[in-house]
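Asker: Chain order of the listed sequences is A and B.
Once you know that position 308 of the first sequence is 308 in the numbering used here, the rest is easy, because the numbers rise by one and skip nothing.
Once you know that position 39 of the second sequence is 39 in the numbering used here, the rest is easy, because the numbers rise by one and skip nothing.
Just so you know, the hints here were simulated from the structure itself, not pulled from any lab data.
Source: prediction; values computed, not measured.
Yeah, the Cβ is synthetic: ideal placement off N, Cα and C, and Gly gets one too.
Be aware that one or more of the hints could be misleading.
In silico EDC-like links for lysine to aspartate or glutamate, alpha-carbon gap of 20 Å or less [unchecked claim]:
hint	chain 1	residue 1	chain 2	residue 2
1	B	Lys199	A	Asp132
2	B	Lys199	B	Glu137
3	A	Lys143	B	Glu137
4	B	Lys197	A	Glu177
5	A	Lys240	B	Asp173
6	A	Lys150	B	Glu200
7	A	Lys242	B	Asp206
8	A	Lys185	A	Asp147
9	A	Lys144	B	Glu200
10	A	Lys120	B	Asp172
11	A	Lys185	B	Glu48
12	B	Lys197	A	Asp132
13	A	Lys204	A	Asp250
14	A	Lys128	B	Asp206
15	A	Lys185	B	Asp172
16	A	Lys185	B	Asp193
17	A	Lys237	B	Glu137
18	A	Lys19	A	Glu304
19	A	Lys128	B	Asp172
20	A	Lys128	B	Asp115
21	A	Lys128	B	Glu130
22	A	Lys120	B	Asp173
23	A	Lys204	A	Glu278
24	A	Lys240	B	Asp172
25	A	Lys143	A	Glu219
26	A	Lys143	A	Asp99
27	A	Lys120	B	Glu130
28	B	Lys40	B	Asp50
29	A	Lys242	B	Asp172
Estimated spans, in silico, between C-beta atoms of each pair [said to hold, decoys possible]:
hint	chain 1	residue 1	chain 2	residue 2	range
30	A	Pro125	B	Thr47	33 to 43 Å
31	B	Asp190	A	Asp203	44 to 54 Å
32	A	Lys128	B	Glu103	55 to 65 Å
33	A	Gln210	B	Val96	49 to 59 Å
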Amino acid sequence: MSTEGNGFKSGSNLEKVLKAGQFAFTGELGPPRGNAVEEVTEKAKHLVGMVDAVNITDNQTAMVRMSSWAASLLIMQQGLEPNFQMVCRDRNRLAMQADILGASALGIKNMLCLSGDHQKFGDHPNAKGVFDIDSIQLIGMVKKMRDEGKFLGGAELEGSPKMFIGAAANPFADPFEWRVHRLAKKINAGVDFIQTQCIYNMDKFRKWVQQANDMGLTEKVYILAGVTPMKSVGMAKYMKAKVPGMDVPDEVINRLQGAEKGKVAAEGIKMACEQIEEFKEMKGVHGVHLMAIEWEHKVPEIAEQAKVLPRPEV
Amino acid sequence: MIVAKRKPFDEIKEYIQDYKKVLVAGCGTCVAVCLAGGEKEVDVLNTELDMARRLDDNPLETGTITIERQCDVEYLEGLDDLVKDYDAILSMACGVGIQFLAERFPGIPVYPAVDTTGMSANLAVGWYEERCRSCGECVLGLTGGICPVTMCAKGLYNGPCGGTNNGNCEIDDAQPCAWFNIYERLATQDRLDNILKIKEPVGWNDQIPRTLVQPGYKKPEKDA
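Could you put together the complete structure from these sequences and hints?
Answerer: In structure tokens form, the structure reads like this:
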């Protein structure tokens, strides 16, 4: 279906929700380490009706998984809208453009452009990391394909892929002062929406959004705040100590530790919902991206408790 | 300079196990400075091979020579008569020298005795760190003299990624983040505008063998 003339870049549900001024709510699904369709459909069924779009990760943490576009197609059959993730680690510019065209041809309308975790973290640590282009250059490439109808190399496309272009931002990785400028670079490259790293340090996030507001950036891009509820004290400690670029203040761990026995996960969800309430009111934030890692079945409960249901029909 | 490290002894020994007369050829320039393939290392390898083959009851006759540069035809000429007496050559030069030697003597098997590991700076005696990947399109003028192609584990041109961890790279706490350092240096020099602009995708210049003829020079007629 052509989207020309209707004012939409791709006409995806996510784009329509955001453009309508609704507070967006997106989810995430990691494809399986095998070809098990049922593993995808089982996770996905909990998300139906709960979110506006679902990120389908692309070999996350450099572990080989079912391809993002294939799992995207599977969840489309369940009535969900995918946000097709693409990392720069595994493909050169030829393969990337081919997959973008294929994804678009099969009805995928959202993309998330990422550099990708280094291959060293995964199950093929000695693989050759491609990084032919980086995430900012990937954004520019998708935009050029979509808006100019041209390949990166300059040749004319026979049918351009209409993608709503997303990217990530990590307000917590240093140097903090540069992070908002890096956001600006992504906007200049042509990004339409941003999903942030999981937020636990609210003070720092408020400062980052304030900077983005002051620079007028939040009028040029939709920001979805990243939320991952803590399941346990162990998870919080692990994220604080072991996950690069993650900022988990001690007060988060202390609060989880103070929860009654057997109620730590519930406390984690409560904390996430309190964050979501603040994001709903925060100038410059246009939605939440919920990364309930291997906790898809909890999404309905979280969505209910966060009062983001029902999702808007646009 | 170009740095290299010696290959595991067993690998070297296996290469030459069927030969009776082997020339161990060192190189007197880069690999000598980085303690991998100069005259001293040639002698050490020669002694090790000699002992090992005796223990195997498979004696080896060896010769040694270290020439100034194996990557320069001028110095290779001196080997023309010498190599005729040998079944094989073990080269301790970098990958360039090894290939150049093999090209000069196409009838004689040439084997590497070192692994070439890059273009590095000499941080202390015996300690080298890579600084250049010879990409052919130097961006150091924009990045404060810190190479993102070499020093960023992802080779990003528009970094830093989200994995910067207290100034270090996500791959290792002991590996400084190149883009963190680029930011810091440019901030100190009030040059952050250098990296505000998007660096567009680069054309990789290292995907085919490269030839360089400096301005004012030309290939000799016979090779043109």
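Asker: Is 44 to 54 Å a correct range for the gap between the Cβ atoms of Asp190(B) and Asp203(A)?
Answerer: violated (29 Å)
Asker: Is the straight-line distance between the alpha-carbon of Lys128(A) and that of Asp172(B) 20 Å or less?
Answerer: OK: Lys128(A) and Asp172(B) at ~18 Å, within 20 Å.
Asker: Checking one constraint from the list: CA of Lys185(A) to CA of Glu48(B), max 20 Å. Satisfied?
Answerer: Not OK: Lys185(A) and Glu48(B) at ~57 Å, beyond 20 Å, violated.
Asker: Is it true that the CA of Lys242(A) sits at most 20 Å from the CA of Asp172(B)?
Answerer: holds (11 Å)
Asker: Indicate whether the distance between the beta carbons of Lys128(A) and Glu103(B) respects the range 55 to 65 Å.
Answerer: violated (28 Å)
Asker: Please work out if Lys242(A) and Asp206(B) have their alpha carbons no farther apart than 20 Å.
Answerer: Violated, at about 36 Å.
Asker: Measuring from beta carbon to beta carbon, are Pro125(A) and Thr47(B) in 33 to 43 Å?
Answerer: This hint holds: roughly 37 Å between Cβ atoms.
Asker: Below or equal to 20 Å on CA atoms is what counts here, so check Lys144(A) against Glu200(B).
Answerer: holds (12 Å)
Asker: Measure nothing beyond the straight line between the CA atoms of Lys240(A) and Asp173(B); if it is 20 Å or shorter, mark the hint as holding.
Answerer: Within the cut-off at roughly 14 Å; holds.
Asker: Gln210(A) and Val96(B), beta-carbon distance inside 49 to 59 Å?
Answerer: Given a distance of about 55 Å, which is inside 49 to 59 Å, the answer is holds.
Asker: Against the 20 Å threshold, does the CA-CA distance of Lys120(A) and Asp172(B) hold or violate the hint?
Answerer: holds (10 Å)
Asker: Regarding the pair Lys197(B) and Asp132(A), is the alpha-carbon distance no greater than 20 Å?
Answerer: holds (19 Å)
The structure is inconsistent with the numbered hints 3, 7, 11, 15, 17, 18, 31, 32, although it conforms to all the rest.
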